[in-house]
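First to last, the sequence lines map onto chains A and B. Reminder that position 44 of the first sequence reads as 44 in full-length UniProt numbering, one-by-one numbering, no gaps. Reminder that position 555 of the second sequence reads as 555 in full-length UniProt numbering, one-by-one numbering, no gaps.
Just so you know, these hints were derived from the structure itself, not from any lab. Be a bit skeptical, because a hint or two may be false.
Interface residues of chain A toward chain B, partial, derived using beta-carbon atoms under 10 Å [said to hold, decoys possible]:
hint	residue
1	60
2	216
3	220
4	224
5	225
6	235
7	242
Ranges between beta-carbon positions, derived for each pair [to be verified]:
hint	chain 1	residue 1	chain 2	residue 2	range
8	A	172	B	79	54 to 62 Å
9	B	479	A	131	38 to 46 Å
10	B	120	A	234	49 to 57 Å
11	B	373	A	168	29 to 37 Å
12	A	211	B	583	29 to 37 Å
13	A	234	B	370	34 to 42 Å
Built from N, CA and C at the ideal position, the CB exists for glycine as well.
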Amino acid sequence: MDTQDHNLKEPLEQEGLTVTQGVTTAVPEPPILEPEDDDVVPQQARAKRHVPEWFEVIWSNRKARVGLILLLFFILVAIFANVLAPYSPTDISFGPSQMPDSQHWLGTTQAGQDVFSQLIYGTRTSLIVGALGGGLATIIALVIGMVAGYMGGIVDEILSFFINLGLVVPALPLMVTVAAYSPVKGPTIIILVIGLTGWAWGARFKRSQVLTLRVRDYITSAQFAGDGTLRIVFREILPNMLSLTVLSYISAAIGAIGAEAGLEFLGVGDPSTISWGMMLYWANNGGAMITGQWAWLVAPGLALAAITSCLMLINFGVDALSNPQLREE
Amino acid sequence: MALLEVENLDVTYATKQRPPLFAVRNVNFELNAGEFVGLVGESGSGKSTLGNAILKLLLPPGRITAGSVRFEGKELTTLPDEELRQMRWRDFSTVFQSSMNSLNPVTRIEAQFQDVMAEKSDLSNSQIHDRIGELLQMVKIDPSFMRYYPHELSGGMKQRVALALALALKPKLVILDEPTTGLDVLVQKEIMHNLRTLQREQGFAVLLISHDLGTVLEVSDRVLVMYAGEMVEDAPTHGMLKHPIHPYTHGLLGSYADPAAEEVEISYIPGRPPDLTRVPKACPYAPRCPEAIPLCRQAKPQLLPMWDGKAACHVAQMQWNDEQHNHTRHSEEGPKLLDAAFSEATSHKAMKLEGEEVLRVENVSKTYQRRAGFKTTSMNAVNDVSFNLRSGKVTGLVGQSGSGKTTIARMITGTEYPTSGAIWFGETRVDKLKGRGIHNYRKHVQYVFQDPFSALNPVHTIQYLLMRPLMNYGKLNAAQARQKVRELLETVGLTPAEQFETKMAHQLSGGQRQRVVVARALAPDPDIIIADEPISMLDVSIRAEILQLLDKLVRERKIAMLYITHDLLSARLLSDEILVLNQGHVVEQGAAKTVIRQPTNEYTQLLLEAIPRLERPDHVRASYVPTAEPTKVQVDASPVSEE
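Extracted from the complex, chain A is given alone in its bound form (with noise of 0.2 Å):
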C-alpha cells in the first residue's frame, strides 16, 4: 500500500499536469491519509528539471523508449523526404523492374519509378493517415462515448444504440464498400472512412471509463458548485482520462495506418497515390513475385510493421502513465 501511495505522491510538474493528473485517478485514491511533500524542497527541484513529468515516465520505460526513437525516425523521414530520396517517387525514366543495384538500393517498379524513393515518400501518408485517421475516430468516440456515460438514461440508450450497432457491423466490408464507391479517391477519403468506421469501440471504452468516474465525489461537487454538463464533461472528467484517450488514440492510429495500407492493397485507393499500401498493390499486380523483385514487396511490407510496432512500444510508457505500478522503477 505504501509503495502504490509513494508512486502517487510525485510533485507534479505544471506543464505536465493534465497527462500525469490522469494517472493520480487511474488508481484508487489511497484511503489512507498520507503526509505530503514538505512545500518549499520539491517547488526547488521542479524549477531544475524542464522535462514534463509524463514524458519522464514514458521515457524510464525502455520498450517505449525505442518506440520513441523510432517514430522520430520516421517523423524525420517523411519531413527531409525530399531531401533523403535519390530520385522522385513518380520518375518513370528509369528502366522496369530492375533488380536492386548501387543506382536503386531496392529495385525499379514495372512502370520504372525507384522503389526507395517511393519508400521514402511513403512514410509520409502512413504517418498523415494515421494521425488524422486516427485522431477523428478518436474524437468521435469521445464525443459519443463521454456524453453516453455521463447523462445517462434515455441519451445513453440511444447512444449506445449506434455504438453496438458500430461494433456489429464488419468494419472491413464497410470501408471496402465505402471507399470503392466514393466518387473522389485518395487519402483523403481513406482517412474519412476509417474515422467514420472506428470509433465504436473506442466509445464504448469511453463511456465505460466516464461510468466509473462519474460518481466520483469531485464530480458532485462540480454539481454543487453550479457547473454545467459540457463543462463537467469536458473539464472535470476529461483530463482524469486522458492517459486512457491517448493510448486508445495511438491504437486507433495503428488501425488507421493497418487499415489504409490493407485498402490500398485491395485497391480502393487512388493509383497514383504514393504510399506504402499502393506500393504492395503494384508489387502484387507488376508479379514482384514471379519476377524474383523480393525488395519491391519485402520493403513497404517491414516499414509497416515497423511503423506499427514503435506506436504499440509507445503504448506500453503510457500504460505506465495511467498505471503507475507498471513504471520501471
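Position chain B relative to chain A; hints supplied.
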C-alpha cells in the same frame, strides 16, 4: 528470548526518479509470546510499513536497509523465500484492512480454508471440516456459513472469516493491520472484543496496527507509538492512560473524551508530520510540540526507559531525571503537558442565538422498491422523519451505516425525492424542484464531503476549484472571483492565501484539503450546509481542528448545518440538537446534551458504548481548563499556517 525482536530496523522507499523516503528509522522493540501489543500512529507514520517489513511483505521500491527482525531467534531479513513461505501462516499470519476482499469470490468459504489447511497441515478431510466449523464458531459465525460464497456475507462477517483464516493453523503471532477500519462502529466493537477473548483463550501474540489510539488502548496490554517513522513511546496500556510520557501520545489522547460527561473537550495537534525524504536530525515532533525546548530542535532524543515505559523525548527525560534526583513528584504523575483544545464551553454554542427556521422537513418517508422475479420487495430507508434546520444552529443526525442518514441528506439537496412528506425551504417545496430549480436551489444548500481526497478534482488548482462556484452563483468575473478566493481561503484558515491558491489538492494534507472543501461549500454564501461525516476520514489528531472551524463558520455566518455522523462524541461537541436514526426511524430527538447524557433508547446507548472510553486521571483534565481559553485565541489567530 522474546517471540519477536526488531532491532535498529530501517525501511526506505528508494526509486531512481525521486529522493528516497525514509519510512521507518531505527526502530527497536520486542514482542513476547501471548502478548497483545498495539502499534499506533498517524497516517504516514510508517506503522503499516513496519508491519509489512516484519512479515517481509514489503513491495518494491520499499526495502529493509538496515537492522534485523528475529522471530524465535531466527533472522527473518536474510531467510530464503522458501523457508519464509513455510513459516508464513503456520508461525505468523496477518489480517489487513482489505482482507475481507482477499476472499476468492468464486469459491465457498469452506474451500478457502481447505486450501490453506491442506497445504500446511496433515489433517484428513473430515478433520479439516470439523476444524473449519470450530474456527468459524470461534469468530462467532455459525458453521453452516461455510457453504456460502463470500458475497453472501456482510463486510463484518467477511472480516471475521479473514480473521478465522489467519488463525487456522494456530500461529504464534498475528499481525493485524487496521482490521476493523471501514466497518460499522458497532461491528468494529464486536470484532475487537471477540479478538481479545480469543487471544486470551489461545495465547497467541498480536501486533495490532491502528490509527485509532482509543480502540488500541481498550484491547492491548502494551502500546507502541510511532511518529514520522520513529518509535516515540513504548509503554504499558494502564501507564499510558494515566500519564502518557511523550507529548505526541498526550496529544493523541486528547482526541478522546467521554461524550456523556458534564463538560466535554477534545484537543488537536496543530501542524503536520515532517517530510520523510529528509531525515530529521532533531526530534521530528518538535515543530508541532507545545512543550518543545531548544534542545528538541537540535538533538534527536533516544528511546530511553522512564516511568514504567520508554519514550524518546528530551522534555520527558529531563522531568524524569529531575524526579529521580529530587523525588519531588510521584511516578504516577508523569510529565505535564499542554495542548490546543476544542470544547463545548469554548465553542460558539454558548452564544445562545435564536435561529430562525431555514428548512423544514415534514413527515418525510422514502421507500425503495426492488423487483426480484415476480415479487416486489420494498425497503423503507426513511420513515416519517420531521425536523427543521435553524440558522446558526447545528442539527446532528446520528446513526450507523444504513440508518438512512445519507438518504435524508440527498432528499434535502434535491438529488432524491421523498416518497411522501414535504421539504420546505422558505416558500419553496424542495421535493418538487426540477432542472433549473435545483440549480438555483443549490446556491443555498451546499455539501461538505466525507472524503477530502476524492472531493477535490486532482487536475485543478485550488484557485480554479474555488472560482467555479463564485462565477456560477455569484456572477463574478474572473478577477473578482480571484480576489474572493483569497478571502475564502483566509476564512477557512489557509493563510497566506497566495501560497495555497496555486496548489493542487494532492499537495495539501488531509486537514488542509478538508478546509478547501469547506471553503468551496462556503463560496456561494449558502443558507444551509450539509456536512456528511466531515471528519471521519481525517487523522484523529486533527479532527477537533476541523470541528472548531465548522463551529466558528456556522455561528458567525448564521448558516444552518446538518451534521451527519456515526460518532456521538463529535455530535455532542458540535450540535445543538441531535436526532438518532435507526433503520430510518428517528428513535431519539432533543437537545444534544440531554440525548447523550440521558439516552432513553437502547440504540442510542449501544452507539454510546461503541465509543472508546478512556479513564483519564484528573491532572490531565486539569491541565486543559486554564489553558483552553488562551490556546483557542492563539489558534484562531493563526489557524493553519503550519510552519
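Quiz item: So which of the earlier hints does this model not fit?
Solution: When the structure is compared with the hints, none of them turns out to be violated.
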